[in-house]
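Add chain B to chain A, keeping to what the hints say.
The primary structure of each chain is shown beneath.
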Amino acid sequence: MGNNSLHVLKGINFNVAEGELVSIMGSSGSGKSTLLNILGMLDEADEGSYTLDGKVIKNLNERIAAKYRNQFLGFIFQSFNLINYKSALDNVAMPLYYQGVNRNLRTEKAMHYLDKVGLAKWADHLPNELSGGQKQRVAIARALASDPKVLLADEPTGALDTRTSYEVMELIQGINDEGKTILVVTHEEDIAHMTKRIVNLKDGIILDDSKVTQVRAKEAKEKALSHV
Amino acid sequence: MSKIFSRDSWSEILEALSSNWFRTLLTAFGVLWGIFILVILLAAGNGLENGVKQGFDGMATNSMFMWTQTASKPYKGLPKGRRYNFKIQDVEAIKQQVPNLRFVSPRNQLGGFRGSNNVVRGLKTGAYNVYGDYPEIIQQEPMDIIEGRFLNYSDINDKRKVAVIGQAVKTGLYDPGEEVIGTYIKINGVNFMVVGIYKKKSNGGGDAEEAQKEIYVPFTAFSQAFNMGDIVGWMAITAQDGSSITNLKEQVFDVVKARHSIHPEDDRAVGNFDLYQEYSKINGLFTALNFVAYFVGVLVLLSGIIGISNIMLIVVKERTKEIGIRRALGATPWSIRAQVLLESIFLTIISGMAGIALASGVLVLVNSILDGMDTSEMMFINPSVNIGVVVIALVILIVSGLLAGLIPAQTAIKVKPVDALRAE
Chain A
11 MGNNSLHVLK GINFNVAEGE LVSIMGSSGS GKSTLLNILG MLDEADEGSY TLDGKVIKNL
71 NERIAAKYRN QFLGFIFQSF NLINYKSALD NVAMPLYYQG VNRNLRTEKA MHYLDKVGLA
131 KWADHLPNEL SGGQKQRVAI ARALASDPKV LLADEPTGAL DTRTSYEVME LIQGINDEGK
191 TILVVTHEED IAHMTKRIVN LKDGIILDDS KVTQVRAKEA KEKALSHV
Chain B
284 MSKIFSRDSW SEILEALSSN WFRTLLTAFG VLWGIFILVI LLAAGNGLEN GVKQGFDGMA
344 TNSMFMWTQT ASKPYKGLPK GRRYNFKIQD VEAIKQQVPN LRFVSPRNQL GGFRGSNNVV
404 RGLKTGAYNV YGDYPEIIQQ EPMDIIEGRF LNYSDINDKR KVAVIGQAVK TGLYDPGEEV
464 IGTYIKINGV NFMVVGIYKK KSNGGGDAEE AQKEIYVPFT AFSQAFNMGD IVGWMAITAQ
524 DGSSITNLKE QVFDVVKARH SIHPEDDRAV GNFDLYQEYS KINGLFTALN FVAYFVGVLV
584 LLSGIIGISN IMLIVVKERT KEIGIRRALG ATPWSIRAQV LLESIFLTII SGMAGIALAS
644 GVLVLVNSIL DGMDTSEMMF INPSVNIGVV VIALVILIVS GLLAGLIPAQ TAIKVKPVDA
704 LRAE
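As they're listed, the protein sequences go chains A and B.
Here this note's numbering = 1-based position in the first sequence + 10.
Here this note's numbering = 1-based position in the second sequence + 283.
Treat the hints as calculated values from the structure; they're not laboratory data.
Ideal Cβ positions, reconstructed from N, Cα and C, are used throughout, including at glycine.
Incorrect hints may have been included.
To be verified - In silico contact screen, one side only, chain A against chain B (beta carbon under 10 Å); selected entries:
1) N71
2) E72
3) R73
4) A75
5) F85
6) M104
Unchecked claim - Straight line, CA to CA, 30 Å or less: simulated DSBU-like cross-link-like pairs of lysine-lysine:
7) A:K119 to A:K228
8) B:K604 to A:K126
9) B:K699 to A:K20
10) B:K604 to A:K212
11) B:K699 to A:K68
12) A:K77 to B:K600
13) A:K20 to B:K697
14) B:K697 to A:K96
15) A:K159 to B:K697
16) A:K77 to B:K604
17) B:K604 to A:K96
18) A:K119 to B:K604
19) B:K699 to A:K65
20) B:K697 to A:K65
21) A:K96 to B:K699
22) A:K159 to B:K699
23) B:K604 to A:K131
24) A:K77 to B:K699
25) B:K604 to A:K68
This is chain A alone, in the form it adopts within the complex:
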């Protein structure tokens, strides 16, 4: 608002290769959400360039942006962002609806992804009949439904308890194992260490970008449970 521009990101330069699982860390105000929004084409950078799968993403009008989002990207949000008057199945089918996939094929595909996240039995339930972890799994199924190039997860475990967080991360790791590129924004160290690479942001610049040894969420969960 107003004429005062605030430079949130001040020179970010990094590449993500196909099949990577990257976490972007930083305290609040470090610019990690802004970065994710730019990557998600929900926002546009004032300067610089962004290339996704060989395509330069620039000066998008809303129609094209919508198309790219639909084809290339899957979003996972902290607050799940399911449409609460639609069943889990319909929520998962939404990206396919906007792709113009016909109803039967849509239901079939959506069911497949719901099954993949282990919620086939809950297909007809409305979001408010599901637990937080289940909601996030529906959201992940939805993000996968359009078979995107990249999954963008904004604090996917932010609203979940530790155990459920690990379960969700387990799912995300599984998806990455199948070769999907995933970016996770988080400020939780343990979650970040479940990825393969951590990018640390501070005040709009990259502080540190290093590969880490991945902690498997399944083991972490078992460890956490044994403490209880």
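For chain B alone, kept in the frame of chain A given last:
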């Protein structure tokens, strides 16, 4: 575009509208009420028009009546204040000199309002209007012949002393069940044979009774029997369809003035009553009434539509986040706009249809009540709207639904996905 008519779009719309039933119903009621008022107003106007025009039913409305008054200007050495009479020759002259006239009927009259008893049959007497007429008069002043026949040209040519009497004359002069046709009545001392009985179509006015108390005799017989010579009391003149008597009457007056040495600019020498002008006034009144009905109806409808627009704005506001999610999942601005517009149009049309149905129901009810009554004396008959009006109403609904959705739809696509998702 093809999405507009797909089952998916409609299930989306129904889901959205049914998510808050009570609010949807309240909103719909605004439009329902508006279209209801519009239809009822138009129907009521129509009913009034039907009722009033019933009085003109079958009447040659393109007619005028013309009589003599006194000359108000001196001319050719003749003084003002002079009286004159139409002559039978004037009729022929008018027919020849003024084009596009359908009927020119000379008339003479005996008796009149509160006249003394002038008709006698046996021991019974009565005061009736007696007219000397040509057969054409039945087309200018419609009446049903319920027994016998009306006057014809043989009567005129042979100056037959025959009479066609009104229903009320029959009840006044005859005993119930008595044979009427072929009997004689004495008008001002002259015997006429009754050849027919008429019943005039009701005028709906106060003179309905009076209209049945008339006696029609051939013009020629009338002149001879009552010593009128070649004098014509007044004339009923009807113009042909397609030309109005109001435009032709000045020409008629000019002919009369020239033949009776009246100053061409003497406007008061010829008296007239222009039925067409009166009829046009009434027509104009109903056009105005129709306009008022549309005006009021559309304004009431407008408030309903503003209600819809308002609700859609609230809905868009409420669903800001949902819209953001949809955008993130790949909804194009057009698909968001189309959804809001379709919702608005759908709501408008459904509630409008309900309003039209309700109004039709009320009209059917009113009509069934009116059917049970004798409507001939009423100023209100068969309130109804034709299918054209319903189509117009539907078009108004679709357009207004579109208008109602326009602002909310614009608001909806202005929502940036990133802002929408941030709104917790």
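Hint by hint, here is what the structure shows:
Because the smallest distance between the Cβ of A:N71 and any Cβ of chain B comes to about 9 Å, under 10 Å, the interface hint for this residue holds. Below 10 Å, beta-carbon pairs count as interface contacts, and A:E72 has one with chain B at about 5 Å; its hint therefore holds. A cut of 10 Å between beta carbons decides the hint on A:R73: the least distance to chain B is about 5 Å, and the hint holds. Given hint, A:A75 at the interface with chain B, holds; its Cβ is 9 Å from that chain's nearest Cβ, closer than 10 Å.
Below 10 Å, beta-carbon pairs count as interface contacts, and A:F85 has one with chain B at about 5 Å; its hint therefore holds. Checking A:M104 against chain B by beta carbon gives a least distance of about 5 Å; that is within 10 Å, so the hint holds. For the proposed pair A:K119 and A:K228, the alpha carbon gap of about 27 Å is at most 30 Å, so the pair holds. Restraint check for B:K604 and A:K126: satisfied, since their Cα atoms lie roughly 27 Å apart, inside the 30 Å limit.
Only pairs whose Cα atoms come within 30 Å are accepted, and B:K699 paired with A:K20 is accepted, the gap being roughly 23 Å. For the hint linking B:K604 to A:K212, the alpha-carbon distance of about 29 Å falls within 30 Å, and the restraint holds. For the hint pairing B:K699 with A:K68, the CA-to-CA distance comes to about 17 Å; that is within 30 Å, so the pair holds. Proposed proximity of A:K77 and B:K600 is supported: the alpha carbons are some 24 Å apart, at most 30 Å.
The suggested pairing of A:K20 with B:K697 holds, with an alpha-carbon distance near 28 Å, which does not exceed 30 Å. At most 30 Å may separate the alpha-carbon atoms for a hinted pair to count; B:K697 and A:K96 meet this at roughly 24 Å. Our distance criterion of 30 Å between C-alpha atoms is met by A:K159 and B:K697, whose separation comes to about 28 Å. Taking the CA atoms of A:K77 and B:K604, the gap is about 19 Å. The hint holds against a cut of 30 Å.
Pair hint B:K604 plus A:K96 holds up; C-alpha atoms about 14 Å apart against a cutoff of 30 Å. The suggested pairing of A:K119 with B:K604 holds, with an alpha-carbon distance near 25 Å, which does not exceed 30 Å. Among the hinted pairs, B:K699 with A:K65 is consistent with the structure: their alpha-carbon atoms are about 23 Å apart, no more than 30 Å. Of the pairs offered as hints, the one joining B:K697 and A:K65 holds, with about 26 Å between alpha carbons and a cut-off of 30 Å not exceeded.
The hinted pair formed by A:K96 and B:K699 meets the criterion: a straight-line CA distance of about 22 Å does not exceed 30 Å. The suggested pairing of A:K159 with B:K699 holds, with an alpha-carbon distance near 23 Å, which does not exceed 30 Å. The straight-line distance between the Cα atoms of B:K604 and A:K131 is roughly 27 Å, inside the 30 Å bound, and the hint therefore holds. For a cut-off of 30 Å, the pair hint linking A:K77 to B:K699 stands: about 15 Å separates their Cα positions.
A hinted pair counts as satisfied when its Cα atoms are at most 30 Å apart, and B:K604 with A:K68 qualifies at roughly 25 Å.
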